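Using my numbering, count along the sequence shown one by one with no gaps and you end on 455.
No lab work stands behind these hints, which were simulated from the structure alone.
These figures come from a predicted structure and were not determined experimentally.
Just so you know, not all the hints are guaranteed correct.
Quick list of in silico lysine-lysine cross-link-like pairs, DSBU-like style, CA-CA up to 35 Å [said to hold, decoys possible]: (1) 147 / 67; (2) 298 / 216; (3) 106 / 298; (4) 147 / 71; (5) 71 / 271; (6) 216 / 106; (7) 106 / 71; (8) 106 / 225; (9) 223 / 71; (10) 223 / 271; (11) 216 / 71; (12) 67 / 225; (13) 225 / 271; (14) 71 / 225; (15) 271 / 216; (16) 106 / 67; (17) 216 / 147; (18) 223 / 67; (19) 271 / 106.
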Amino acid sequence: MLRKLASNIRQFGAKEKPKVNLDNFLSRHLNFYDDRLNYTPEEIISLIAQVKEIIKVEGTLVDVPFPVAIVGDIHGQYADLHRIFSVFSTKNPELPGSLCQRYLFLGDYVDRGPCSLEVICCLLVHKIYYPKMFYLIRGNHEHSSINRVYGFHEEIVSRFPPPQCNQLYSAFNDLFAYFPLAALVGGRILCMHGGISSEVKTLNDIRKLKRPIHEPSVSELACDLLWADPMLDLSGFVPNPMRGISVFFGEDALEKVCADLNVDMIIRGHQVMQNGVGFYCGKRLLTIFSAPRYYPGRNNKGAVLNITGEGRIGIIMLSPTSKMLQGYHRFSETFDRFEPDTSYTERTSSAESLTLPESEAVTRMPVSITITKPPGTSPKSVLTSIRRSLQVNSVPPAKNKPMRLLKVASPLQEVTARDIPTQRTVDETQGDTAVTCRSK
């Protein structure tokens, strides 16, 4: 199967077959119905060694062209990663969804979810074969002080005996130290996991950060790119006591950074959004979170951004599914359409809720946001025209058959600013706190 795919994919920058045969390793990660895989320490060490050589030659700030799908936090939710891939499988019936689209992932691949190892191994093997289709930047959970506490270390120890478990855990975190910290999409959108920094004056400030970065807290800029959060009713940058590390930044700081860097908007992850997405500062900043049902009982949606070759941003929402459902059932209608969407908590970053009448597991929202600024248009007016149409799957596929979404389009509807969540502050009520604070 993979030999047949190779000729179709080579145009996307696929590398030649690695010295160690990873064909079987890749094919195991193309199966939607496998929740947990069996690994040997040898194949994971080989995987890490090969992908490290690819990531080393990328910059700390990677340039990603349009079109691209942008994925936020996954947190070990392997089945939901495949749900995201399946959304794009309709582009080419001959290929799996993971090979039909260029992807940019914003970090936090591990911790909290049950299958961190499957998520990171799946992304790494795709990076080896298709480095120009898969871009991976670092999140705050790609550091030993965090992933030793929130689940990744425990998962590796439970699946491998000593001393292999310790060797694998160290190898993964050594690899994470080489991951890029930010991406520039289409030359107009700056993406990172956390947020902006008072230390960034030009894009070269990010490019000049030397890797490996084993301890991000020693660099204020690196620390903020991984940890910073936006906050309403705030001026400039202030320390972030809720996380114990990095800063909150206000709208004025965001406007200045966008102007200094000559970018149209910021896209980041790092915070749970009840509806998967949240806007801030007149939609100059967008937070994307791609792990539905992140907190049990909260029923948050996940979301993915689909940016076209013309720079138009579409939002694809993933409704939460029941833990008991597996395989194709994950695409069935399980979200209660009568359950109201409310602000996440009193500390939520969604000041207003985005209430959708649809309840299907996958909801498409192509949003007419053009990134290229028209002549004579002020930066604040760039992201004002928003329209949406809803496309949903109505019939689940047969078990063990390739995923095919049946789409039903509804009429276009205007969406006002009040329909889109405005981001206020950090909302992870069980959120991460830093083990060590940033050095001044």
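Against the 35 Å threshold, does the CA-CA distance of residue 67 and residue 225 hold or violate the hint?
holds (15 Å)
Does the structure keep residue 106 and residue 67 at a Cα separation of 35 Å or less?
Between residue 106 and residue 67 the Cα gap is close to 30 Å, so the pair holds against 35 Å.
Proposed proximity, residue 71 with residue 147 (alpha carbon, max 35 Å):
holds (14 Å)
Given the hint that residue 225 pairs with residue 271, test it: the Cα-Cα distance must not exceed 35 Å.
holds (25 Å)
35 Å limit on alpha-carbon distance, applied to hinted pair residue 216 and residue 147
holds (28 Å)
Given hint residue 71 paired with residue 216 - CA-CA distance at most 35 Å:
holds (24 Å)
CA of residue 71 to CA of residue 271, is that 35 Å or under?
This hinted pair holds, its Cα atoms lying about 31 Å apart.
Would the hint linking residue 106 and residue 71 be met if the CA-CA limit is 35 Å?
Between residue 106 and residue 71 the Cα gap is close to 31 Å, so the pair holds against 35 Å.
Holds or violated: residue 298 with residue 216, Cα cutoff 35 Å?
Holds. Residue 298 to residue 216 sits at ~21 Å (cutoff 35 Å).
Hey, residue 147 versus residue 67, does the alpha-carbon distance stay inside 35 Å?
holds (15 Å)
For the pair we were handed, residue 223 and residue 67, check the Cα-Cα distance against 35 Å.
holds (19 Å)
Given the proposed pairing of residue 223 with residue 271, does the C-alpha separation stay at or below 35 Å?
Status holds; Cα separation ~21 Å.
In summary, the numbered hints that this structure violates are 6, 8 and 19.
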